[in-house]
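Novice: The primary structure of each chain is shown beneath.
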Amino acid sequence: MARKKRKFPQIASASLADIAFLLIIFFIVSTTMDVDTGIYRLLPQWVDNVEAPKINKRNTFVVLINKNNDLQINGEFAQISDIKDRLKEFILNPQDNPNLSEKKEEVIEGIGPFRRSQGIVSLQNDRGTDYGAYMLVQNELVRGINELRDEYAAQRFGMKMNKLNEAQQEAVKKAFPTAISEAEPQEIK
Amino acid sequence: MSKFNPKGGKKEVPAITTASLPDIMFMLLFFFMVSTTLRESELKIKNPNLPFATEITKLEKKSLVCYIFVGSPRKEYTATLGTESRIQLDDNFATVSDIRGYIAGEWEKRDEVDRQKMTVSLKADEKTKMGIITEIKTELRKAEALKINYSARKRLVEIRNN
Chain A
273 MARKKRKFPQ
283 IASASLADIA
293 FLLIIFFIVS
303 TTMDVDTGIY
313 RLLPQWVDNV
323 EAPKINKRNT
333 FVVLINKNND
343 LQINGEFAQI
353 SDIKDRLKEF
363 ILNPQDNPNL
373 SEKKEEVIEG
383 IGPFRRSQGI
393 VSLQNDRGTD
403 YGAYMLVQNE
413 LVRGINELRD
423 EYAAQRFGMK
433 MNKLNEAQQE
443 AVKKAFPTAI
453 SEAEPQEIK
Chain B
327 MSKFNPKGGK
337 KEVPAITTAS
347 LPDIMFMLLF
357 FFMVSTTLRE
367 SELKIKNPNL
377 PFATEITKLE
387 KKSLVCYIFV
397 GSPRKEYTAT
407 LGTESRIQLD
417 DNFATVSDIR
427 GYIAGEWEKR
437 DEVDRQKMTV
447 SLKADEKTKM
457 GIITEIKTEL
467 RKAEALKINY
477 SARKRLVEIR
487 NN
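Chains as they are written, first to last, in the working numbering: chain A, 273 to 461; chain B, 327 to 488.
Pulled out of the complex, with its shape left as it was, chain A reads as follows (with noise of 0.2 Å):
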């Protein structure tokens, strides 16, 4: 046999998939891919033992929910879905109703004058209120504002919210803020 140049052998690429292969299953079963999602809420404050504001009765929407998860608006018994349009109408008092929310005139950066509601949502709970009954409340809540938001800006800037620039988006926020009050939770009959 002639010596022939001794060739240096490949290494085998083939168990290279296998190993990626194995990787891959690792990944896919370690990855947890849920997106963290909810609904987000600056929290007030804390203050030691302060006097709760003198609101006039008529700026206040109250929502109350007891512990069999029932729901009263203004001391009326209401549905869940009559919430949203409920506050909107709250808050707009298009028609200047005295039994709804008073309005005055003030100028915010970037709109100008504007004849902002001094509404003021409180929502109230039992301690036996259940989590989820509560949630559903918040939501339609938040609902409404965003829908109140969303009206505005595409009368005014003809565009909806998330289409605008920040400081038009801050300043459709301050004409329509989330105004939401959380009393301590209290026994409801």
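Misleading hints may appear alongside valid ones.
Covered stretches of chain B, as calculated for chain A (at least 3 residues, CB under 8 Å) [claimed, not checked]: (1) 350-356; (2) 384-394; (3) 456-467.
The calculated DSS-like cross-link candidates involving lysine-lysine, where the alpha carbons are at most 30 Å apart (straight line), are [to be verified]: (4) B:Lys468 to B:Lys453; (5) B:Lys443 to A:Lys435; (6) A:Lys446 to A:Lys326; (7) A:Lys376 to A:Lys329; (8) B:Lys453 to A:Lys360; (9) B:Lys388 to B:Lys370; (10) B:Lys388 to A:Lys435; (11) A:Lys339 to B:Lys453; (12) B:Lys473 to A:Lys446; (13) B:Lys480 to A:Lys432; (14) A:Lys435 to B:Lys480; (15) B:Lys370 to A:Lys339; (16) B:Lys453 to B:Lys388; (17) A:Lys446 to B:Lys372; (18) B:Lys453 to B:Lys473; (19) A:Lys445 to B:Lys388; (20) B:Lys401 to B:Lys372; (21) A:Lys339 to A:Lys375; (22) B:Lys473 to A:Lys339; (23) B:Lys473 to A:Lys445; (24) B:Lys480 to A:Lys445; (25) B:Lys384 to A:Lys432.
Derived by calculation from the structure, the hints in this document are not laboratory data.
All values reported here derive from a predicted model rather than from experimental measurement.
From the three backbone atoms N, C-alpha and C, an ideal C-beta is built for every residue, glycine too.
Could you slot chain B onto chain A? The hints should help.
Specialist: Same frame as chain A, but now just chain B:
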């Protein structure tokens, strides 16, 4: 490449090359590696049934989020703890009074720039009673962790009168 075939024999179908198979696998691998978030803590409560909502936003930076879990304990722990809703912080059961310490610890872990953006994600089961939730909220307010995210799942249909 010539059309002239000197052997005149049957043409063989060339074997499909598997040389690029590893590359494809690696591409998939990288995809999963990038999109993976390894579960950080073991849940000692039952996986909470999060409430549904439509007006939800995504939590953007996971490193700025700390979690509070609320729900009934897993089967292994029901013998000692019962089925009442419990709070879990990190890997352990906790009480409402532990929250302030936990928030302070999380606060310490982060840079000064990020501290203001720290968000608390409240992952609570929808069957939880509001009593415990309110206590948690009060503690968070006292701990000055005011940014809160009520964790919820996306619901596509609007609710109607039941």
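Novice: Indicate, hint by hint, whether the structure satisfies it.
Specialist: So, going through the hints one by one against the coordinates:
1. 350-356: holds (count 4)
2. 384-394: With 4 residues closer than 8 Å to chain A, the stretch 384-394 of chain B meets the three-residue bar; holds.
3. 456-467: holds (count 8)
4. B:Lys468 to B:Lys453: 25 Å, holds
5. B:Lys443 to A:Lys435: With Cα atoms ~24 Å apart, Lys443 (chain B) and Lys435 (chain A) stay inside 30 Å; holds.
6. A:Lys446 to A:Lys326: With Cα atoms ~22 Å apart, Lys446 (chain A) and Lys326 (chain A) stay inside 30 Å; holds.
7. A:Lys376 to A:Lys329: Holds - the C-alpha atoms of Lys329 (chain A) and Lys376 (chain A) are around 16 Å apart, at most 30 Å.
8. B:Lys453 to A:Lys360: 29 Å, holds
9. B:Lys388 to B:Lys370: 21 Å, holds
10. B:Lys388 to A:Lys435: Since the Cα atoms of Lys388 (chain B) and Lys435 (chain A) sit roughly 25 Å apart, the hinted pair holds (cutoff 30 Å).
11. A:Lys339 to B:Lys453: Distance ~12 Å between Lys339 (chain A) and Lys453 (chain B) Cα, so the pair holds.
12. B:Lys473 to A:Lys446: Cα-Cα ~19 Å, so holds.
13. B:Lys480 to A:Lys432: 21 Å, holds
14. A:Lys435 to B:Lys480: 22 Å, holds
15. B:Lys370 to A:Lys339: 27 Å, holds
16. B:Lys453 to B:Lys388: 26 Å, holds
17. A:Lys446 to B:Lys372: 40 Å, violated
18. B:Lys453 to B:Lys473: 23 Å, holds
19. A:Lys445 to B:Lys388: 26 Å, holds
20. B:Lys401 to B:Lys372: Measuring from Cα to Cα gives roughly 8 Å; hence the hint holds.
21. A:Lys339 to A:Lys375: 34 Å, violated
22. B:Lys473 to A:Lys339: Judged against 30 Å, a Cα distance of about 27 Å means the pair holds.
23. B:Lys473 to A:Lys445: 17 Å, holds
24. B:Lys480 to A:Lys445: Holds: Lys480 (chain B) and Lys445 (chain A) sit about 23 Å apart, inside 30 Å.
25. B:Lys384 to A:Lys432: 19 Å, holds
The earlier numbered hints that this structure contradicts are 17 and 21.
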